[in-house]
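Chain by chain, the residues run as shown.
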Amino acid sequence: MALNILVVDDSSVMRSIIIKTLKLSGVPLGEIYQAGNGVEGLKMLNENWVDIALVDINMPQMNGEQMIDKIRENPELEDLKIIVVSTESSETRIENLIEKGANFIHKPFTPESLGQTIINAIGGIDEQQTGTGTFQSCDFDF
Amino acid sequence: MNNKLEQELFKAATSTFEEFCFMFPAPEMEGELEDIEFGKAALVHFQGPFKGKLIVKASENLMTTIAENMLGEDLLTEKQRNDALGEVGNVICGNVLPGLAGAKAVFNIDSPQIVTIEELADIQPTKNTIAVKLPLDEGLVDLKIIIDDDIEL
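Protein chains in written order, with our numbering: chain A, 1 to 142; chain B, 1001 to 1153.
Honestly, the hints are just simulated from the structure, not real lab data. Every residue gets a Cβ at the ideal spot worked out from N, C-alpha and C, and that includes glycine. Treat the hints loosely; a few may be bogus.
Stated by the list, open to error - With a cut-off of at most 30 angstroms between alpha-carbon atoms, the simulated DSBU-like pairs for lysine-lysine come out as follows:
1) A/81 <-> B/1004
2) A/100 <-> B/1004
3) B/1079 <-> B/1004
4) A/20 <-> B/1004
5) B/1079 <-> A/20
6) A/100 <-> B/1104
7) A/43 <-> A/20
As the list claims (entries may be wrong) - Covered by chain B, per the in silico footprint, the following chain A stretches (three or more residues, Cβ under 8 angstroms):
8) 16 to 28
9) 66 to 74
10) 89 to 98
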């Protein structure tokens, strides 16, 4: 079954690239939502069922790390899978993000690596609750 | 300047153009591209163990191709073309800095700016300037990292 995905990045070009890459990745997609910063991202999460949030780090108003902290404070979002999509290369910062429960994919990325990161984030298990029902096992062909 | 550092910049640029823009190095084109006229540049400032800036110059035609390839569509606006080059600069910068400062170094990278070649005239190279040219099938990219601090790399 399809995954509802939120893409949070202050660059409209990067959001378009991510969405294009998602469509090439083989991941079954439901609704795709977009936000330009952490504040908008939290608003989208309040208004829509989202399975996975793809989040940039360097954004105005509220950056990705601040957004992740807010998400983790909200019990209603405890099942939300978060993937940080960033040029960040510092091992120190990446470890800090992983400790907050986020997965990480480095820019630039391929459809295959993005798809694999999503599979890893959702655990690749047979059943996964999604916005549209129960997600049965799915073979991704990359 | 250290050849290893030039290789790091070249590697970061090549992987970004290959994976985001589907554009590949064409070293055989380098001689034909020497007289290319650059239109604009992405300027990306960074701060961390040292501070500096990355400059990525491209011709107007190449900027169009970069944006079309990244977005998978044509008839793009100037803003989209500018944003695409800016994003290329952002990604190259994030990928090259660990090669210069080590994997544990923490940098803050500012949002990219798009500037004209004339506006770059005020930016002077320093003793720590790393410069490479990346010839692609579609055109030539000129890259420079200028480190403002007087350090030994």
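Next on the checklist: For the region 89 to 98 of chain A, count the residues whose Cβ lies under 8 angstroms from any Cβ of chain B; is that count three or more?
Outcome noted: holds (count 5)
Checklist entry - Taken at face value, is the distance from the CA of residue 1004 of chain B to the CA of residue 81 of chain A at most 30 angstroms? => result Measuring from Cα to Cα gives roughly 39 angstroms; hence the hint is violated.
Next on the checklist: Given the hinted pair residue 1079 of chain B and residue 1004 of chain B, is their Cα-Cα distance within 30 angstroms?
Outcome noted: violated, 35 angstroms
Next on the checklist: Is the listed coverage of the region 66 to 74 of chain A by chain B valid when you require three or more residues with a beta carbon under 8 angstroms from a beta carbon of that chain?
Outcome noted: Since three or more residues must qualify, the claim that chain B covers the region 66 to 74 of chain A is violated, with 0 doing so at under 8 angstroms.
Checklist entry - Is the straight-line distance between the alpha-carbon of residue 100 of chain A and that of residue 1004 of chain B 30 angstroms or less? => result The hint is violated at about 35 angstroms.
Checklist entry - When you check the alpha-carbon spacing of residue 1079 of chain B and residue 20 of chain A, does it fall within 30 angstroms? => result Answer holds: residue 1079 of chain B to residue 20 of chain A is near 19 angstroms, not above 30 angstroms.
Checklist entry - Is the Cα-Cα distance between residue 43 of chain A and residue 20 of chain A 30 angstroms or less? => result holds, 23 angstroms
Checklist entry - When you check the alpha-carbon spacing of residue 20 of chain A and residue 1004 of chain B, does it fall within 30 angstroms? => result violated, 34 angstroms
Next on the checklist: Does residue 1104 of chain B sit within 30 angstroms of residue 100 of chain A, going by the straight-line distance between their CA atoms?
Outcome noted: Holds, at about 18 angstroms.
Checklist entry - Okay, the region 16 to 28 of chain A and chain B, do three or more residues pass the C-beta test at under 8 angstroms? => result holds (count 3)
Of the hints listed earlier, those the structure fails to meet are numbers 1, 2, 3, 4 and 9, in rising order.
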